[in-house]
Amino acid sequence: MATKAKAKPLDPNATYKQLVDKHRPARPMFKNTVRAFIVGGCICVIGQLVQMFFIRVAGFSQTDAANPTVAVMILLSVILTAFGVYDKFAQWAGAGSAVPVTGFANTMAAAAMEHRSEGWVTGVGGNMFKLAGPVIVYGVVSAFFVALVRYIIFHV
Amino acid sequence: MAGNWMIFIWAFLVGGGICAIGQILLDTTKLSPGHIMVILVVAGSVLDGLGLYDPLVKFAGAGATVPITSFGNSLVHGALAEADKHGLIGIITGIFEVTSAGVSAAILFAFLAAVIARPKG
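Protein sequences appear in the order of chains B and W. Numbers in the numbering used here are just positions in the first sequence, counted from 1, shifted up by 21. Numbers in the numbering used here are just positions in the second sequence, counted from 1, shifted up by 58.
Just so you know, these hints were derived from the structure itself, not from any lab. Remember, it's a predicted structure, so these values are computed and weren't measured experimentally. Worth double-checking, as some hints may not be accurate.
[Claimed, not checked] Which stretches of chain W does chain B cover? Using the computed rule of at least three CB atoms under 8 Å from a CB of chain B, they are: (1) 66–78; (2) 91–99; (3) 164–177.
By construction, the Cβ of each residue, glycine as well, lies at the ideal position given by its N, Cα and C atoms.
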């Protein structure tokens with residue numbers, strides 16, 4: 022049936038979804054992936070520069086430098102979000118701007134700004150984690166069980 | 059000195075690679091960006107549980123610590139570090155120990171953004 026639907030543009034047997042799928046333009050997957058790779062890579066290089074700064078100038082150790090680096094990346098992301106730059110850029114970069122921690126901060130800042138008109142508590146406070154919340158929930162739940170399993174294996 | 063510059067190249071390749079994986083998941087499945095983020099965070103914590111994330115951080119620096127996968131990794135790290143000191147309860151008390159910087163900074167700066175800026179567009 023699916024093959025027949027391809028031949029005739031309006032096969033009465035085709036479901037709505039099949040028709041929609043047929044006329045939806047194919048996502049330019051290769052281009053998207055290359056963009057995500059380049060943008061994500063560049064954000065990480067900026068992160069590496071910030072990390073180098075904390076190691077060389079502020080005297081952090083290699084491992085300790087990761088935390089302040091993340092904080093600086095988040096600050097940069099929130100500033101760009103406040104100026105409306107990050108969201109425009111995100112449309113072009115796809116996962117390249119969403120996957121780094123800057124994307125996480127962007128969703129929080131954007132939600133906080135957008136829902137400000139609904140009030141400081143229910144608007145800003147209630148919506149800040151609307152998109153970032155699942156990451157924290159499943160991060161903590163998975164980390165708990167991973168840590169538990171490791172603890173049991175190595176300590177019991 | 060060459061080793062110092064190599065880390066930038068690895069940061070680019072590994073960080074870009076993780077983002078490319080996210081984009082491929084986004085394009086080939088019907089999952090939302092939220093689902094992809096959750097998958098990556100859980101992947102980070104599982105990889106750390108298997109002892110594979112630390113070598114990646116050593117090798118790729120910010121290429122491994124800037125993508126959201128490192129959030130899962132840091133949660134496990136904090137939990138295990140506290141568990142080493144205080145036993146099983148440390149898993150609960152330590153889970154946010156390492157990620158405090160990221161979560162606190164994100165909450166604070168996002169709040170200040172809402173105070174100062176108006177949404178564009």
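These are the hints, each one checked on the structure:
By the rule of at least three residues with a Cβ nearer than 8 Å to a Cβ of chain B, the coverage given for the region 66–78 of chain W holds, with 11 such residues. By the rule of at least three residues with a Cβ nearer than 8 Å to a Cβ of chain B, the coverage given for the region 91–99 of chain W holds, with 7 such residues. Note: the region 164–177 of chain W has 12 residues with beta-carbon separation from chain B under 8 Å; the three-residue rule is met and the coverage holds.
In summary, this structure violates none of the numbered hints.
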